[in-house]
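Visitor: In case you want the letters, here they are:
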Amino acid sequence: MTCMIDLQGFTREDIIRDRFGSLDKDSDMEALVSFIGSKSNGMRMNVPMRHAKEYERYKAGEYIFHRRAGPLDFSCATCHSEEGKRIRLQELPNMTDPKQVQIVISTGWPAYRGTQATVRTMQHRLYDCNWQMRLPDLGYASDMSVALTSYLNYRANGGVIQLPGVRR
Amino acid sequence: MICKKLLPCIALGLAASCATFPDAPNVALSAEEMIEAAYAGAPDVLVKRAVQDADQKLCSRPASEKLSSEEAERVTSSAKASMRYPSSGKLAGDWKAGEQLVSNAAGMRIRDGRIEQVNENGALCVNCHALDPKDLNVGNLGPALTGYGAQHGNSDAVIKYTYEKIYNAWAYYPCSNMPRLGHNGYLTPEQIAHVVAYPVDLQSPVNRK
Numbered sequence: 001m002t003c004m005i006d007l008q009g010f011t012r013e014d015i016i017r018d019r020f021g022s023l024d025k026d027s028d029m030e031a032l033v034s035f036i037g038s039k040s041n042g043m044r045m046n047v048p049m050r051h052a053k054e055y056e057r058y059k060a061g062e063y064i065f066h067r068r069a070g071p072l073d074f075s076c077a078t079c080h081s082e083e084g085k086r087i088r089l090q091e092l093p094n095m096t097d098p099k100q101v102q103i104v105i106s107t108g109w110p111a112y113r114g115t116q117a118t119v120r121t122m123q124h125r126l127y128d129c130n131w132q133m134r135l136p137d138l139g140y141a142s143d144m145s146v147a148l149t150s151y152l153n154y155r156a157n158g159g160v161i162q163l164p165g166v167r168r
Numbered sequence: 001m002i003c004k005k006l007l008p009c010i011a012l013g014l015a016a017s018c019a020t021f022p023d024a025p026n027v028a029l030s031a032e033e034m035i036e037a038a039y040a041g042a043p044d045v046l047v048k049r050a051v052q053d054a055d056q057k058l059c060s061r062p063a064s065e066k067l068s069s070e071e072a073e074r075v076t077s078s079a080k081a082s083m084r085y086p087s088s089g090k091l092a093g094d095w096k097a098g099e100q101l102v103s104n105a106a107g108m109r110i111r112d113g114r115i116e117q118v119n120e121n122g123a124l125c126v127n128c129h130a131l132d133p134k135d136l137n138v139g140n141l142g143p144a145l146t147g148y149g150a151q152h153g154n155s156d157a158v159i160k161y162t163y164e165k166i167y168n169a170w171a172y173y174p175c176s177n178m179p180r181l182g183h184n185g186y187l188t189p190e191q192i193a194h195v196v197a198y199p200v201d202l203q204s205p206v207n208r209k
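Sequences listed follow chains D and H, in order. Heads up, the first sequence is in our numbering, so the first residue is 1 and it goes up one at a time. Heads up, the second sequence is in our numbering, so the first residue is 1 and it goes up one at a time.
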């Protein structure tokens, strides 16, 4: 997004307006993320952790993952840190297990979501979980969403990338 | 600037050498700033939801960092102090009204800055618990409650425990994954009384073979 804004002349508002597609209109961002993601197919996740800022973001992500808030006292960990759990019949990946994080990240998102009949990005998945948590709309590409993504992505290192994924 | 000193922290594999970098208070500070910014623009009443109370803060540690017994005591005693009961004094209502509530998961979700419109918030129980043995579309974040009344009986003590468990689950299990539905104002005391009747009443499907 930085390059789109700084070099290509897009505005942040343009990008955000087009962040999630609907049945009437596809999203260029969803298409772009899927295209770029698929360019790494066959390679292994290899997120660096060399710069202080990378580590800081990762630690913030870890903090946010466990942070309980809202009228239902949920954190990401409430639903994603135990084995074999479900919300109704929806199986919940245990993201304390590196193997499961690898599956979620390197073969998961962006994903074609059958229930939504379109491709969705990790940004949308996080938006959706945040919505279930009864919190206000999660800002698109907000530092908070990037911190959560860094936390998950780094822990998925080693997973073989095969994108886009397919999800319900 | 969060990190005043840039230690050469090459990889998390060397975490021991940089255990204090950035330290926990600074991580919290920068993460809290990110959270505030992520919800910027939403109405204040909605942004307030993301602000933690003291007990939520204590309950936000990774599973590996256990609460001390004093901390656990603080959570349970503040939960006990939070209890409110229906003005009628009746802690078990109508199981049929409870049945409608337990499988309803709608309420309080926010999209594009607006709260979804519902007549009343649902109780969400079935998202996490099995209740009616015939209903297989149930979650398992919490233990199965099928046959609850048949097993525990429907004494005043069982009714009071069940009511308080739903009103504020942390009174009996500090930092449980079960939400504090009454304390948080998600369900009213009257709604909770109806929900109590559903697992406890011996006529309810929960207790049928």
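What the hints contain is simulated information worked out from the structure, not anything from laboratory work. All residues carry an ideal CB built from backbone N, CA and C; glycine is no exception. Please note: incorrect hints may appear among the correct ones.
Here are the simulated distance ranges between beta carbons [as the list claims (entries may be wrong)]:
hint	chain 1	residue 1	chain 2	residue 2	range
1	D	Ser-40	H	His-152	51 to 57 angstroms
2	D	Ala-117	H	Gly-185	54 to 60 angstroms
3	D	Leu-32	H	Glu-36	51 to 57 angstroms
4	D	Gly-9	H	Asn-119	34 to 40 angstroms
5	D	Ser-22	H	Lys-96	36 to 42 angstroms
6	H	Asn-119	D	Glu-82	46 to 52 angstroms
Rough simulated footprint, nothing fancy, chain H against chain D, three-plus residues with beta-carbon under 8 angstroms [to be verified]:
hint	region
7	64 to 71
8	78 to 85
9	129 to 136
Below, a list of computed lysine-lysine pairs in the PhoX-like style, where the Cα atoms sit at most 25 angstroms apart [claimed, not checked]:
hint	chain 1	residue 1	chain 2	residue 2
10	H	Lys-57	H	Lys-90
11	H	Lys-80	D	Lys-85
12	H	Lys-134	H	Lys-80
13	H	Lys-96	H	Lys-48
14	H	Lys-165	H	Lys-57
15	H	Lys-90	H	Lys-165
16	D	Lys-85	H	Lys-57
17	H	Lys-160	D	Lys-85
18	H	Lys-80	H	Lys-96
19	D	Lys-85	H	Lys-134
20	D	Lys-99	D	Lys-39
21	H	Lys-66	H	Lys-160
Visitor: It remains to establish, for every hint, whether it holds in the given structure.
Guide: Comparing the hints with the structure gives:
| no. | hint | result |
| --- | --- | --- |
| 1 | D/Ser-40 to H/His-152: 51 to 57 angstroms | 54 angstroms, holds |
| 2 | D/Ala-117 to H/Gly-185: 54 to 60 angstroms | 36 angstroms, violated |
| 3 | D/Leu-32 to H/Glu-36: 51 to 57 angstroms | 29 angstroms, violated |
| 4 | D/Gly-9 to H/Asn-119: 34 to 40 angstroms | 48 angstroms, violated |
| 5 | D/Ser-22 to H/Lys-96: 36 to 42 angstroms | 39 angstroms, holds |
| 6 | H/Asn-119 to D/Glu-82: 46 to 52 angstroms | 33 angstroms, violated |
| 7 | 64 to 71 | holds (count 7) |
| 8 | 78 to 85 | holds (count 6) |
| 9 | 129 to 136 | holds (count 5) |
| 10 | H/Lys-57 to H/Lys-90 | 33 angstroms, violated |
| 11 | H/Lys-80 to D/Lys-85 | 28 angstroms, violated |
| 12 | H/Lys-134 to H/Lys-80 | 34 angstroms, violated |
| 13 | H/Lys-96 to H/Lys-48 | 34 angstroms, violated |
| 14 | H/Lys-165 to H/Lys-57 | 20 angstroms, holds |
| 15 | H/Lys-90 to H/Lys-165 | 16 angstroms, holds |
| 16 | D/Lys-85 to H/Lys-57 | 24 angstroms, holds |
| 17 | H/Lys-160 to D/Lys-85 | 28 angstroms, violated |
| 18 | H/Lys-80 to H/Lys-96 | 28 angstroms, violated |
| 19 | D/Lys-85 to H/Lys-134 | 20 angstroms, holds |
| 20 | D/Lys-99 to D/Lys-39 | 22 angstroms, holds |
| 21 | H/Lys-66 to H/Lys-160 | 29 angstroms, violated |
Hints 2, 3, 4, 6, 10, 11, 12, 13, 17, 18 and 21, counting from the list given before, are not met by this structure.
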